[in-house]
Each structure stands twice: as structure tokens, then as C-alpha cells.
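Colleague: Sequence:
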Amino acid sequence: MKKDITELYCCVEDFCRAVDDNFANRFLSNGKKPTRVPEIAHSEILTIILLYHKSPCKNFKAFYLCYLQLFYRSEFSKLPSYHRFIALKPRVLWYLALLLQWFCEQAKMTGTSYIDTSTIAVCHKKRISRNKVFNHLAEISKSTYGWFFGFKLHLVINEIGEIQALTLTKGNVDDRKPLPTLTKRLTGLLFGDKGYIKKELFEKLFDRGLKLVTKVKKGMKNALISLKTSVMD
Numbered sequence: 344m345k346k347d348i349t350e351l352y353c354c355v356e357d358f359c360r361a362v363d364d365n366f367a368n369r370f371l372s373n374g375k376k377p378t379r380v381p382e383i384a385h386s387e388i389l390t391i392i393l394l395y396h397k398s399p400c401k402n403f404k405a406f407y408l409c410y411l412q413l414f415y416r417s418e419f420s421k422l423p424s425y426h427r428f429i430a431l432k433p434r435v436l437w438y439l440a441l442l443l444q445w446f447c448e449q450a451k452m453t454g455t456s457y458i459d460t461s462t463i464a465v466c467h468k469k470r471i472s473r474n475k476v477f478n479h480l481a482e483i484s485k486s487t488y489g490w491f492f493g494f495k496l497h498l499v500i501n502e503i504g505e506i507q508a509l510t511l512t513k514g515n516v517d518d519r520k521p522l523p524t525l526t527k528r529l530t531g532l533l534f535g536d537k538g539y540i541k542k543e544l545f546e547k548l549f550d551r552g553l554k555l556v557t558k559v560k561k562g563m564k565n566a567l568i569s570l571k572t573s574v575m576d
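Here the sequence shown is numbered in the numbering used here, starting from 344 and rising by one per residue.
Calculated directly from the structure, the hints in this document are not laboratory data. A hint or two may mislead.
Under the rule of at most 20 Å between Cα atoms (straight-line distance), these lysine to any residue pairs were calculated in the SDA-like manner [claimed, not checked]:
id	residue 1	residue 2
1	Lys520	Arg473
2	Lys451	Lys558
3	Lys541	Gly531
4	Lys397	Leu443
5	Lys527	Leu511
6	Lys537	Leu498
7	Lys432	Ala384
8	Lys432	His396
9	Lys542	Lys513
10	Lys558	Ile500
Ranges between beta-carbon positions, derived for each pair [stated by the list, open to error]:
id	residue 1	residue 2	range
11	Glu543	His467	35 to 43 Å
12	Lys451	Cys353	21 to 29 Å
13	Ile540	Lys468	23 to 31 Å
14	Lys404	Gly552	40 to 48 Å
15	Ile503	His396	16 to 24 Å
16	Asp363	Ala430	30 to 38 Å
Idealized CB from N, CA, C, for every residue including glycine.
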């Protein structure tokens, strides 16, 4: 486990240095500089964020105050307080966004992909009417599990689990809307659920070499598909 975190940190550190060398000067500054320079580096903050998602912890506070302190205190000798770390997290947001993009670009184009959408609620549905978090960003919508207030994560992976594309939208965005952009690099077969059924969308993707495969709704005629497609569906 210690070896894994060392490899993860080295990878993140190299990535952050590459970003700083190639992109930092291209972004316009708002003229403000941090009044307090943290002792913990951006690469360490990003490593901790990524490490949380590999941990068994169900929330970040428990991970930071208990799990991280217990198992990785020696690796992060200059850990700030929990509240200070939360305040520092926005500083690495654009590193994280670029890292996600880089991971997507490294994914293999195998000719077989899967797409799905997951809801991200920002509060319990009983508190929707009085919630002010993500005001004007999150939206009310309904999924197969009921009403929610938040966002949708649209994800495309290949058959070996590598992320090929992803995007985040408001909760009320149709699952099919971001599909053409998400799949612009893909060809072959794309498997999805019934929520992606749309004749015009199927034809648009088919014309550029991508066949959308979904279950058939009641009353719909089943198109003739190959044996490989039938087995993998």
C-alpha cells in the first residue's frame, strides 16, 4: 500500500509540474495573490483527494481525520487542519479537471463502449424547496429512483473499465443531449439503456461509424443485429 501511494504521488507530482510549465502562464490572473502560502503542495492535496476515492471511507471528513492520520501521517508530515484543507481544495480544481481529461485521452479505443448516467443530489428531496447550495446551477429532475435536486454525471467507459469520456450537467438535462459530444472519438458499438433510444440520434451516430445498442421498449420493432451484439448486450 505504501508503494502504491508513492507511485500515485510521483505520477501526480509529474503531472502538476507539466501543467505549471505548459499552461500556468496562459491563464489570466485576477491580480490577487494568496495571503497565506500553504506548506502542503498542490500535488499533495490532489493525491489526498484521489486517495480518498480508493479508501473504504464513506465521507471525506472521516477519511481525513481518521483514516489518513492513521495510515499515512508519515507520508504527509505537514497536513493542515481539516477546515484549512477544505479551504485549499478549490486551488487544485483545474489540475483535477485536466487530470481527468488526460485520463480520458489515454483510454483505449477498443470498438466497444458503455454509456450511463448517474444522478448527484446536493440535498435530500425533502429539503429541495429550501436548499440554497449550487443555486442557479443544480436543477430539479426525476430519475428511476424518484425526484432529486442536483446534477447528472454522464460517463462512457470501454469494456476494460477505462474512462473514455465524461461530463457533468444540470439534473434536468436529457441523458441523450451530451451523447454526440461525448462519443465524438468513438466508433464500433456503444451500449446504453432504454433512456438513450431515439431514432434521429441512432442514425446520426450510425452515419459516423458508431452503432448505439439499447434494449427495446414495448411496442417497438427489434432491428436485426449481429450475433456479437446480441451476446454482449
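Colleague: Mind checking the hinted window 21 to 29 Å against the Cβ distance between Lys451 and Cys353?
Modeller: holds (23 Å)
Colleague: Given the hint of 23 to 31 Å, check if Ile540 and Lys468 actually sit that far apart at their C-beta atoms.
Modeller: holds (27 Å)
Colleague: Does Lys451 pair with Lys558 here, judged by a C-alpha cut-off of 20 Å?
Modeller: violated (25 Å)
Colleague: Does His396 sit within 20 Å of Lys432, going by the straight-line distance between their CA atoms?
Modeller: Holds - the C-alpha atoms of His396 and Lys432 are around 15 Å apart, at most 20 Å.
Colleague: Could you see if the CB distance from Asp363 to Ala430 stays within 30 to 38 Å?
Modeller: violated (21 Å)
Colleague: Taking only the CA atoms, is the gap from Lys558 to Ile500 under or equal to 20 Å?
Modeller: Holds - the C-alpha atoms of Ile500 and Lys558 are around 18 Å apart, at most 20 Å.
Colleague: With respect to the beta-carbon atoms only, verify the hint that Ile503 and His396 lie 16 to 24 Å apart.
Modeller: Holds, since Ile503 and His396 (Cβ atoms, about 19 Å apart) stay within the stated range.
Colleague: Please verify whether Lys527 and Leu511 have alpha carbons no more than 20 Å apart.
Modeller: Roughly 17 Å between the alpha carbons, so the hint for Lys527 and Leu511 holds.
Colleague: Given the hint that Lys537 pairs with Leu498, does the C-alpha gap stay at or below 20 Å?
Modeller: Satisfied, since the Cα-Cα distance of roughly 16 Å is no more than 20 Å.
Colleague: Is the Cα-Cα distance between Lys542 and Lys513 20 Å or less?
Modeller: Violated - the C-alpha atoms of Lys513 and Lys542 are around 24 Å apart, more than 20 Å.
Colleague: Does the alpha-carbon distance linking Lys541 and Gly531 stay inside the 20 Å limit?
Modeller: Given that 20 Å is the threshold and the Cα spacing comes to 18 Å, the pair holds.
Colleague: For the pair supplied as a hint, Lys397 and Leu443, confirm whether the alpha-carbon distance does not exceed 20 Å.
Modeller: holds (16 Å)
The structure shown violates the earlier hints numbered 1, 2, 9 and 16.
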